[in-house]
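Colleague: Using the sequences and the hints, build the whole thing.
There are 2 protein chains.
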Amino acid sequence: MVQIHWPPTYDRSYVPEPGSEYWNSQAETMAPAEREALILGNLGHQVRYAYENSAFYREFWGDAGTDPSNIKSLDDFRQLPILTKDHLRQEQEAHPPFGRYLCVPRERVMRIHGTSGTTGNPTLFGIGEDDWDRIAEAHARILWSAGLRPDDMVIVTSVFSAYIGSWGALLGAERLGAMCFPFGAGAPEQTERAVDWIGYVKPTALYGTPSYALYLAATARRMGIDPRKDFNIRLMFFSGEPGASIPSTRKEIEETFGCHVVDMGSMAEMTPWMTNSGCRHLKRGMHLWNDIVYAEMLDPDTKAPTPPGTEGVPVYTHLERTSQPMIRYWSGDLARWDIEPCACGRTYPTLPDGLSGRVDDMIIVRGQSIFPSKIEDILRSMPEFGGEFRLIVDREQGRMDSLTVQVEVVSEVYPGKSNGSEDSTLAERRFADELRRAIGVGLKVELKPEGEFERTQFKARRIIDKRSY
Amino acid sequence: MVQIHWPPTYDRSYVPEPGSEYWNSQAETMAPAEREALILGNLGHQVRYAYENSAFYREFWGDAGTDPSNIKSLDDFRQLPILTKDHLRQEQEAHPPFGRYLCVPRERVMRIHGTSGTTGNPTLFGIGEDDWDRIAEAHARILWSAGLRPDDMVIVTSVFSAYIGSWGALLGAERLGAMCFPFGAGAPEQTERAVDWIGYVKPTALYGTPSYALYLAATARRMGIDPRKDFNIRLMFFSGEPGASIPSTRKEIEETFGCHVVDMGSMAEMTPWMTNSGCRHLKRGMHLWNDIVYAEMLDPDTKAPTPPGTEGVPVYTHLERTSQPMIRYWSGDLARWDIEPCACGRTYPTLPDGLSGRVDDMIIVRGQSIFPSKIEDILRSMPEFGGEFRLIVDREQGRMDSLTVQVEVVSEVYPGKSNGSEDSTLAERRFADELRRAIGVGLKVELKPEGEFERTQFKARRIIDKRSY
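For the record, the sequence lines run as chains A and B. Per our numbering, the first sequence runs over residues 5 to 473. Per our numbering, the second sequence runs over residues 5 to 473.
FYI, nobody ran anything at the bench for these hints, they're computed from the structure. Since the structure is predicted, the reported quantities are computational estimates derived from the model, not experimental observations. Note that the Cβ used here is the ideal one computed from N, Cα and C, for glycine as well. The hints are all genuine.
Among chain B residues calculated to face chain A with C-beta under 10 Å, some are:
hint	residue
1	E111
2	I116
3	P126
4	V163
5	A182
6	M183
7	G188
Modeller: In structure tokens, the structure reads:
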């Protein structure tokens, strides 16, 4: 077994030479079998640590068919039960506010973040200072692979609040030594001001969501500013939405800004959430940096490991977390994974399509699983598309489900324009044909004028499900 | 002369014993004459540093009747010209984006913050990593005096954006070792969520603006939550508005939450902006922590030093800043200052009323200077007051200025309620009489129902000046 100092500590002042491809070439390019041994060693430490420091995990693993204090193989590890968001919620309700999976004394919690659901109490993250340093290190290392360097200036456009995404981006960019402009978002008219600032200080990198990048570009254009010529952004890294791995959305963003796009993000609970991340070479998709957070890819039904080249649900395990370690945490995402060489030389597995679907959030219409990301991909490939859409699912009493796609179209084909009605009938038919062919379900298309739907600064919410169950 | 290592570096891991009154008892309690020698030494270093590293300062001081590389007395120092926001704006426009008063190489800027004005380009702050550490140290030291301790949990409710206030509060609280919850504000419905979170995680301290605290309390009550009983906030520290030193506003906040209120804040440009700050003993007002940022108190017209007990304009000078030092920076605020012993034992001068007015923003009506803070104080002392107000200043062609105070009143006296018209006439007269007596200018009062005016989450903008000049 590999000898490991656990949990690892990192030299806060280390930064590679700017010309280096890797932050940690040994860790990033080692042979997969060697890495597996390393991962297994850390899994053992992490599981034992949680077992010894958390009454929650001791109870949760009470019936596991393995000894959590002595994990010797991945098979041992897979005997541990899968942890879900519901488990965390219940535990925090029973033992507020952090739940007994907080494995450090409360006074060692340095930061509080969390997620507010629409129902029930928020889910709380308590993060210790040591973990905060390790998150910084992991994010710096991964941002390095995305091409970020100390002479870059990064604007962070996501809101700074309980939501941890923007904080993780800032932390990593700071640790890497880049100049950081934590702009945030969310206040009225803030996007106009973001356009002003970006035109003025000329950041070279931007973090946010794909939706926000497109919203920012539309706002800039409305103000007479060309996001490609007047800005200077060469790198955009995103999380929170699948868009950065949806080819058409990605292409639109790359062409709009003249930049390279990197898709990132596992889950807030899994912070360092950048451990799913593309690099400066990958055209789309994300590597699984599984020496920092270990990602199993499991069959959504049987929970058995899926082979390379197939789809699975990522189930994540922290490997160097002391405050609130997540062990076998169910993501509910769906992704194809594979082992393919990348020009970057890293030897990690890859999700070539990113997180392309949700096991939970996908909509099932007449027995077919439908992913909004697939629909978005098709719409964005069509020149008539006006930028936003909504999916309306309905079911009349005793009838079949109906799916209506409300599509914004450019003004030239919107009904009512001169010569528009003929064009619009054609456009409507073309949308319906393309979508039906791709998703295999009958549907209705309704054309809407550009600007009909809110451009959200956060995750676009595009599904309106009116069915009663 | 006192021997000084300049710029100072601080041990990042130092925290006093929780029982200690002081973070740095020597610095905070030394005899004023001794401190003056220390300040003078640092002034010399700071001015020489700026002179040697900034073409802007060399030009700006070209005609000064003193040698900036050899400041030997406060008299020498006072020969340097006063710096204003306009100087900074012009310099940044001529030498974008940071201006030549950035005294470190651009690549050593770690953070960008700034202020967006309503006209022209934003003003940009570039802050180096060493300065960031010193800001953290200064804010931790001052928050310690406010009574914050490592076992506190601090919620920061101001927006995290280009605005530096919230970042400075977070930085100091983190350095002190408190548990920090950077919640931010600004998104729709975020205050409702703040109420949820505060009720759930029970922070013991809150940073924000006085307006926001009152808005938070009103939101909580509307949700059926008592901010005193259901929250657990024992300390609120504020900046950005004078409210925390306005007796009635302060009293209202302290009674609403059952907490101690500390007023803080110089200017964003002067960060560490906490160097004007109350302590856990001071009933209102702020000490001038002038061994960190030196504050002269000057006559607004003659620019001569004003004696203790009188009003003056604070003019600030950084004493340990390398990235963008401000030297003799004009605040435009107006404050009474004095040398009075405080129960805390610190030997700093004090602004007993806080920053009670603005030289620039005060309104002049028929030759009288009128400060909204004064009007706020009077209104909040009256039981009929409904929580918000606006000042409308107008001037008809060739006529005298008119001042109208639009006052929200509680529903019992608002016209239209049963028996209301009589009460409301009485209330209107009482408001007008009290205000006239206090500010010495004739005015009209208009009663408005509670909730008429927006409860801003940021600085309340209460003056509507319709006069053309």
